[in-house]
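Take the sequences, apply the hints, and build the full model.
There are 2 protein chains.
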Amino acid sequence: MPTRSSPAFEQIKTFVKAQITSGVWQAGDTVPSEAALQQQFGVSRMTVNRAVKELAAEGLVTRQRGSGTVVAQWHRISSMLAVRDIHEEVVERGHTHTCRVLRLEVVVADAALVQALGVRLGAPVFHSVMVHFEDGVAIQLEDRHVNPAAAPGYLTANFQTTTPTQYLFACAPLTEARYSIEAALPSAQEAKSLGIGRNEPCLIITRCTVSGAHVASQARLVYPGMRYSLRGNFAL
Amino acid sequence: MPTRSSPAFEQIKTFVKAQITSGVWQAGDTVPSEAALQQQFGVSRMTVNRAVKELAAEGLVTRQRGSGTVVAQWHRISSMLAVRDIHEEVVERGHTHTCRVLRLEVVVADAALVQALGVRLGAPVFHSVMVHFEDGVAIQLEDRHVNPAAAPGYLTANFQTTTPTQYLFACAPLTEARYSIEAALPSAQEAKSLGIGRNEPCLIITRCTVSGAHVASQARLVYPGMRYSLRGNFAL
DNA sequence: CAGTGGTCTAGACCACCGA
DNA sequence: CGGTGGTCTAGACCACTGG
Numbered sequence: 355m356p357t358r359s360s361p362a363f364e365q366i367k368t369f370v371k372a373q374i375t376s377g378v379w380q381a382g383d384t385v386p387s388e389a390a391l392q393q394q395f396g397v398s399r400m401t402v403n404r405a406v407k408e409l410a411a412e413g414l415v416t417r418q419r420g421s422g423t424v425v426a427q428w429h430r431i432s433s434m435l436a437v438r439d440i441h442e443e444v445v446e447r448g449h450t451h452t453c454r455v456l457r458l459e460v461v462v463a464d465a466a467l468v469q470a471l472g473v474r475l476g477a478p479v480f481h482s483v484m485v486h487f488e489d490g491v492a493i494q495l496e497d498r499h500v501n502p503a504a505a506p507g508y509l510t511a512n513f514q515t516t517t518p519t520q521y522l523f524a525c526a527p528l529t530e531a532r533y534s535i536e537a538a539l540p541s542a543q544e545a546k547s548l549g550i551g552r553n554e555p556c557l558i559i560t561r562c563t564v565s566g567a568h569v570a571s572q573a574r575l576v577y578p579g580m581r582y583s584l585r586g587n588f589a590l
Numbered sequence: 355m356p357t358r359s360s361p362a363f364e365q366i367k368t369f370v371k372a373q374i375t376s377g378v379w380q381a382g383d384t385v386p387s388e389a390a391l392q393q394q395f396g397v398s399r400m401t402v403n404r405a406v407k408e409l410a411a412e413g414l415v416t417r418q419r420g421s422g423t424v425v426a427q428w429h430r431i432s433s434m435l436a437v438r439d440i441h442e443e444v445v446e447r448g449h450t451h452t453c454r455v456l457r458l459e460v461v462v463a464d465a466a467l468v469q470a471l472g473v474r475l476g477a478p479v480f481h482s483v484m485v486h487f488e489d490g491v492a493i494q495l496e497d498r499h500v501n502p503a504a505a506p507g508y509l510t511a512n513f514q515t516t517t518p519t520q521y522l523f524a525c526a527p528l529t530e531a532r533y534s535i536e537a538a539l540p541s542a543q544e545a546k547s548l549g550i551g552r553n554e555p556c557l558i559i560t561r562c563t564v565s566g567a568h569v570a571s572q573a574r575l576v577y578p579g580m581r582y583s584l585r586g587n588f589a590l
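These protein sequences, in sequence, are chains A and B.
Here the first sequence stands for residues 355 to 590, where the numbers follow our numbering.
Here the second sequence stands for residues 355 to 590, where the numbers follow our numbering.
Simulated from the structure, these hints should not be mistaken for laboratory data.
Just to be clear, a hint being listed does not mean it is correct.
Same chains, same label: a pair holds when it works inside one copy or across any pair of copies.
[What the hints assert, rightly or not] 27 Å max Cα-Cα, derived DSS-like pairs, lysine-lysine: (1) 367 x 407; (2) 367 x 546; (3) 371 x 546; (4) 371 x 407; (5) 546 x 407.
A quick note: this is a predicted structure, and the numbers were derived from the prediction, not measured.
Here's what the structure looks like:
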């Protein structure tokens with residue numbers, strides 16, 4: 355299966371993976387040392403090191419300087435859950451993305467915003483609410499608060515051609531983000547804006563992005579449960 | 355020459371990250387070539403290569419053989435969504451995990467199971483339904499179908515001391531998984547088992563795990579929306 | 001064509017672990 | 001102490017890209 359021209363380090367990785375997935379090497383077993391693999395494959399140690407280092411990064415094995423490499427206890431099957439720009443996502447599916455801006459305003463920071471954005475109580479904060487459509491169907495309501503210090507021109511942006519995510523990325527390079535994913539019912543206002551019933555469960559992503567010293571933005575993204583799901587897969 | 359405080363390749367990575375997060379290098383800008391960085395830092399090319407290669411793996415830059423390295427258009431906000439064992443998860447939070455088995459039986463494969471598990475129509479399939487409690491509060495209903503070819507002893511396992519996830523990990527090494535996350539209402543039976551209202555939205559994870567040639571198991575995990583959320587964070 | 005990244009070598013020194 | 005992995009060098013050849 356491995357192509358003849360596949361790099362040596364890939365062949366070593368494939369070999370080790372095969373030993374693990376076939377059960378020849380069980381969880382907890384020690385993997386041959388770099389010196390041993392070097393002999394077995396007739397390559398330099400750097401090449402073996404790269405192969406095993408990458409397997410460790412993938413979580414298949416754990417390494418201990420001085421003691422050795424062992425097959426990881428749990429082959430953690432995991433996958434990158436990426437939080438992406440909605441426009442990109444829709445276009446990638448071959449559909450058309452449109453957007454309707456419902457609010458674009460300045461509000462005064464209350465206690466919750468002080469906590470979330472790190473601004474002073476009563477300080478001005480930008481607020482936008484918009485609905486994103488995929489081929490005309492509402493799939494996301496985006497309720498966002500923006501720290502003016504991170505994006506002073508936010509209110510004058512053209513959100514017909516640029517999404518808030520795109521705009522914020524351009525003027526406040528991302529350094530950190532936190533998010534949570536939960537299921538809940540939409541508020542009456544949200545249900546109306548999305549054109550769904552009040553009792554339709556939604557996937558709600560709350561995302562807080564940090565750019566350098568500022569918390570740039572906090573977004574509440576509401577997805578109708580019937581129209582959206584996150585998917586992912588993973589293979590060894 | 356390299357400072358003893360941190361490896362040279364880490365210092366190079368830190369430098370490049372700083373240029374990106376501070377906005378000196380914008381998305382789409384080309385990053386200095388390996389030869390240039392090699393000169394700048396006075397290290398060998400292998401060291402520079404490792405640093406930039408890892409940044410590419412992290413998604414901060416994209417590399418094109420022959421043309422060069424550019425700052426990635428979107429800094430993916432992403433996090434590992436791991437397939438984890440619920441018992442581990444609860445214990446890690448310092449709480450007590452208990453489990454009530456509602457069903458443990460053999461069923462006959464219908465069309466949906468044929469599709470999901472790759473068994474023949476009418477073939478026997480193991481089926482288990484259990485509720486997991488965190489400090490006595492129901493947080494997950496696990497409805498699982500298991501391919502007997504992957505875990506012949508499934509029905510005789512003691513699920514008071516071992517979770518299905520643990521059991522399957524041990525006897526069917528994982529090679530592949532697919533999942534989807536969505537928001538939906540529980541079925542009447544599920545609501546009753548979890549002790550929640552029929553109208554309480556739930557986070558539903560459907561997960562299909564593959565071990566070698568077999569699809570080992572398909573699980574439907576129902577989390578009461580009020581009691582569970584997925585969280586993640588990301589930092590450059 | 002010259003420049004880029006992808007891979008690889010045959011050494012090397014170091015920090016760490018277990019006996 | 002010998003064995004392990006972590007890092008690094010100063011070369012090298014290759015495949016690919018661009019002008």
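Status of residue 407 relative to residue 367 across identical chains (alpha carbons, at most 27 Å): both (10 Å within a copy, 17 Å between copies)
Between copies, within a copy, both or neither: which fits residue 371 and residue 546 at Cα up to 27 Å? neither (51 Å within a copy, 43 Å between copies)
Within a copy, between copies, both or neither: which one fits residue 371 and residue 407 at a CA-CA cutoff of 27 Å? both (13 Å within a copy, 22 Å between copies)
Which holds for residue 546 with residue 407 at a C-alpha limit of 27 Å: within a copy, between copies, both or neither? neither (52 Å within a copy, 48 Å between copies)
Are the CA atoms of residue 367 and residue 546 at most 27 Å apart within a copy, between copies, both, or neither? neither (53 Å within a copy, 47 Å between copies)
When the structure is compared with the earlier hints, violations turn up for hints 2, 3 and 5 and for no others.
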